[in-house]
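Starting from the structure of chain G, add chain V where the hints point.
Protein sequences, first through last, are from chains G and V.
Position 55 of the first sequence, counting from 1, maps to 54 under numbering that gives the first Met the number 0, and the rest follow consecutively.
Position 193 of the second sequence, counting from 1, maps to 192 under numbering that gives the first Met the number 0, and the rest follow consecutively.
Since the hints were made in silico from the structure, they are not lab data.
Mixed in with the good hints there might be a few duds.
[What the hints assert, rightly or not] Simulated DEER-style distance windows between Cβ atoms: (1) G:112 <-> V:79: 34 to 40 Å; (2) V:53 <-> G:119: 27 to 33 Å; (3) V:179 <-> G:80: 19 to 25 Å; (4) V:122 <-> G:96: 23 to 29 Å; (5) V:92 <-> G:89: 50 to 56 Å; (6) G:119 <-> V:177: 37 to 43 Å; (7) G:93 <-> V:91: 43 to 49 Å; (8) G:145 <-> V:146: 44 to 50 Å; (9) V:34 <-> G:145: 18 to 24 Å; (10) V:184 <-> G:145: 46 to 52 Å; (11) G:112 <-> V:146: 42 to 48 Å.
Everything numeric in this text was worked out from a predicted model, so none of it was measured.
Idealized CB from N, CA, C, for every residue including glycine.
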Amino acid sequence: MHVARFENGTVETSHICQSCAEELGEGLAGSAMMLAAPGLLGRLLGDTRLSEEAESGPTRLEDDCYCGTCGTTLTDFRETGLLGCAHCYEVFTEHLPPAGEPDQSSAGHAFTAHTGKVPHRPMAAGREGREILRLRRMLTDLVDSERFEEAASVRDRLSELGEQLPRG
Amino acid sequence: MRQVVSATGLALQRNESVAPFPHVAKEADLQALSSRVVECLTRFEGATEWEVYPLDDLSLAVRALLVEQGLMTPEFARLSGAGRVLCVFGPGDASVEVNGSAHVRILGSRPGEKLPELWALLDSIDDYLEGELAYAFDTARGYLTASPAAAGTGLRAHVTVHVPALMVSGRLGPVAVGLASQGIGIVPVWEASGGLFQVFNKHTTGTNEAGILDRIGEATRQIAGKELTARKVLFQENPTRVRDYVGRALGVAQRAWSTTASEAVSLISAIRVGGELGILQPTLEAREAFALMRRLQPGNLVINEIRAAHGGLEDPGVDERRAAILRDTFGGTCAVI
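In isolation and in its complexed conformation, chain G is listed as follows (with noise of 0.2 Å):
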């Protein structure tokens, strides 16, 4: 992670780590900072705002595309590899490579699809899966921050979602 400071008008660059990123970041209230890494932008400008955003799809932040449900961007994906969920699928779809592997019969141009094992059930599709999804994390940060009322209707909308939540 690059972290560029400005203060007395010098700019001080150097590389440190995403946690220290975060401490830093708590530690910097009234210093500019600038952070080459918009996942973490993101998640200081909290998550209330992508949860608001979660049911759009793709979302563009400082020019950065994030899953508005997981909170991933397109930096976090590019540097780890990894995405945060199931609908980072979605998001990031474009910068995925094909599904399956290169058809060798077709000199590498053709891509197979799944044609292994198929769940039973088929998982919470689409815009339902996200719905639930953005209510967990919900759910998590209202009983975090003890605002119990809320959290018990958010337990009742998941309930009718057809969500099995242990009550307390």
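Just chain V, lined up with the frame of chain G:
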């Protein structure tokens, strides 16, 4: 093929569709998922069949033992934190890592060549877990994983082969290049001590689970055939050097008082090949040799031989115990003149 194949293993990755993947999930999410998986598994084949270990409760020595037994991946062993759990089925028949690189990774390992049997068990555990977890799945991409390269079937199969003759003759490289073009990889086991390598599928897509198992089985047969030929050729062309190498290995195994794990694996490897070529008696089967190599790994020695759950893996006593077991095992082995 049984002269070459030491063990087989499978790993199956699955994620839930409505939960962030573990590397970005909050601790509460990890704990909620692990609770559901553990509750689900304890209903599988009776409640007494599964042992559940929170990862943070496992000492380094126990983790090393589980990795040596093929019940835990080295990557999972390096993790920590609440919500990360290992569930072991029966007496080590299979295991499930919860919240490692995937929400669940089902693992199985067996001595010898047992891919179909192992797949049948992992497949049934997978079906059972699916009753609790709504798997992340796409009709084109298959089962979805944090790393797109691991999506598809989510299945990694590997066979451990004992190929010392291919290694010392320099013929393993060309074999590996040939297999790579078929989507098959070869990696050393225990730093290639004794010529042990794992043959595995590089791609989890492009074919179904049976196809992956078939490819690995076919690749293993090819390697086994080449290794057996290479052993005979080496012995025919350099009988004195081979006898000398095997004889020295037996001498060290019978006389040493301190042995590292790497050295022990090399000694067992040489003694195993010496038996097969008729240089030593009695002979040691490939599966027996691999079982002995596993027994002499640090985790097993500390936990099951020295019985020190929190003992150091690099204590001098570990090397001494290893040498004692070798002396005891090969005390009656002798050269055929």
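Report task. Return the numbers of the hints above that this structure violates; sort them in rising order. Result -> 5, 8 and 11
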